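Chains as they are written, first to last, in the working numbering: chain R, 1 to 266; chain H, 1 to 266.
Since the hints were derived computationally from the structure, they do not count as laboratory data.
Quick caveat, the model's predicted, so the values are computed rather than measured.
One or more of the hints may lead you astray.
What the hints assert, rightly or not - What the simulated footprint calls covered on chain R by chain H, stretch by stretch (three residues with Cβ under 8 Å from a Cβ of chain H suffice, anywhere in the stretch; the number is not a length):
{"id": "1", "stretch": "39-51"}
{"id": "2", "stretch": "61-67"}
{"id": "3", "stretch": "136-142"}
{"id": "4", "stretch": "160-169"}
In this text, a Cβ means the ideal position worked out from N, Cα and C, and glycines have one as well.
There are 2 protein chains.
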Amino acid sequence: MRHSITGFSNPTVKFIKSLRDKKHRRREGKFLAEGLRLLTDARESGRLPEILVMAEGRDPHPLLGELEAAVLAAGGDVIETTEDILSKITGKDNPQAVCGVYAEFDTSLAGIDRDAAPIWLVAQAMRDPGNLGTMLRTADAVGAGGVILLDDCVDPFSVEAVRASMGAIFTQRLATARWEEFIDWLRGGDGQLVAASLREAVPYRGAPYAAPCFIMVGNESRGLPEAYETACDLRVTMPMKGRADSLNAAIAGAVLAYEVIASFEG
Amino acid sequence: MRHSITGFSNPTVKFIKSLRDKKHRRREGKFLAEGLRLLTDARESGRLPEILVMAEGRDPHPLLGELEAAVLAAGGDVIETTEDILSKITGKDNPQAVCGVYAEFDTSLAGIDRDAAPIWLVAQAMRDPGNLGTMLRTADAVGAGGVILLDDCVDPFSVEAVRASMGAIFTQRLATARWEEFIDWLRGGDGQLVAASLREAVPYRGAPYAAPCFIMVGNESRGLPEAYETACDLRVTMPMKGRADSLNAAIAGAVLAYEVIASFEG
Chain R
1 MRHSITGFSN
11 PTVKFIKSLR
21 DKKHRRREGK
31 FLAEGLRLLT
41 DARESGRLPE
51 ILVMAEGRDP
61 HPLLGELEAA
71 VLAAGGDVIE
81 TTEDILSKIT
91 GKDNPQAVCG
101 VYAEFDTSLA
111 GIDRDAAPIW
121 LVAQAMRDPG
131 NLGTMLRTAD
141 AVGAGGVILL
151 DDCVDPFSVE
161 AVRASMGAIF
171 TQRLATARWE
181 EFIDWLRGGD
191 GQLVAASLRE
201 AVPYRGAPYA
211 APCFIMVGNE
221 SRGLPEAYET
231 ACDLRVTMPM
241 KGRADSLNAA
251 IAGAVLAYEV
261 IASFEG
Chain H
1 MRHSITGFSN
11 PTVKFIKSLR
21 DKKHRRREGK
31 FLAEGLRLLT
41 DARESGRLPE
51 ILVMAEGRDP
61 HPLLGELEAA
71 VLAAGGDVIE
81 TTEDILSKIT
91 GKDNPQAVCG
101 VYAEFDTSLA
111 GIDRDAAPIW
121 LVAQAMRDPG
131 NLGTMLRTAD
141 AVGAGGVILL
151 DDCVDPFSVE
161 AVRASMGAIF
171 TQRLATARWE
181 EFIDWLRGGD
191 GQLVAASLRE
201 AVPYRGAPYA
211 APCFIMVGNE
221 SRGLPEAYET
231 ACDLRVTMPM
241 KGRADSLNAA
251 IAGAVLAYEV
261 IASFEG
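For reference, chain R alone in the conformation it holds in the complex (with noise of 0.2 Å):
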């Protein structure tokens, strides 16, 4: 259906405004995601938002008349308001003019089918939503199947993480586990897991790589626990000739993925 919303204190404003917080997002099991662009792609994906929220007197926009068109034929709300209005859901001075609310996916590892891809990725306790969305991107980029969260991670709904996927928040499989149930999981069939390491590793160009292979990343400031690299099936070690041991998580998942999928392409 399609509204029009003029009011602050309306409760649908609040409601959206409220999935800017974590809390609110897991109760209503909804998220937020922002901009044309981004919207387009979740189309694309064949996701639509349940609420589409638009500024009023935008810009005539064929992809927005599309999305609209959309989400009213699935049965879903579109509305109209403010600019203002807008800016306070999205707490930005200059919001995109458009955004909407989706129903979060199934994040099981019961969901995943690790045979659907040669490569996954894991993070394990990630904590900043920008690398978490930049490895969800490079996911799609180099054809993984989908990003698995162990431990205590961001969470990959927050408005950062679905901005900084480029829209592969709607592409990917995410799946969330703590370890000892991740590693459960991968035992009980094909998978082999990989970590860059300094421990008995190998060299990363050239390694052994098979598939499905799950290239596994650590904290930020911690890495990985030394248990967890203990597990890996191989270890590989990248070229550090700086000062510095370590990479940024998601640029070191990436220089990996890119490796693996060379080599597997020969």
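With chain R fixed as given, assemble chain H onto it according to the hints.
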């Protein structure tokens, strides 16, 4: 000299706090770095703060003692202050227990010796301080000579960029230039300009890289201007197996840089 400051309105506190703002950094030619690890990296790279600020009653730490002694020996100032004032300076509820004020470095192209390293990173109109800091960190890891910032980039001396660089701000050469200035300088000597591109490009694996190799990445939203791509000596494509047609700029630069150093080591 050693001082103790207990008043929020102390002019030194105001001065240090003002360095969170780009305008003040430019005027003063100083910048702020936070955290014992970062300040220790700086010291080990031969960079000492002009002013070292420490929280009273912090836990003693041998690295902090060394830093303090080095700053005093070099004629710098060591300030002890309350946690509340440190919070005001850093703008954080839980500030690191130490921060330092550093003189900005020379960032002229003329200061760059292109033959000092086989690889250099070039960022055009990069807007995200985390991306820029991450590029500095990657540059350190691949043994690059430094990072050249073209056109309107985010300030590399911002607190966020300095933090994301993980100390590489102190070890990598930095230069800022307009495109015309850069391309004139580049063509005044050896140097291969390389970018990821969709235009008349060759696969990035096995491309004919040559030192000194300048790897250029573009703005996060718009990518590189067409004219900049056209001016490159080598345009390479990277596999994009998903829906998106690009990677995060810092990710693309890192994957290319690791490929270039692998090709140099043959």
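Results of checking the hints against the structure:
Restraint check on the stretch 39-51 of chain R versus chain H: 3 residues with Cβ-Cβ distances below 8 Å, three needed, restraint holds. Coverage of the stretch 61-67 of chain R by chain H is violated [criterion: at least 3 residues with CB-CB distance below 8 Å; count 0]. With a cut-off of 8 Å between beta carbons, the stretch 136-142 of chain R has 6 residues touching chain H; three or more are needed, and the interface restraint holds. With 4 residues having a Cβ less than 8 Å from any Cβ of chain H, the stretch 160-169 of chain R passes the three-residue criterion, so the hint holds.
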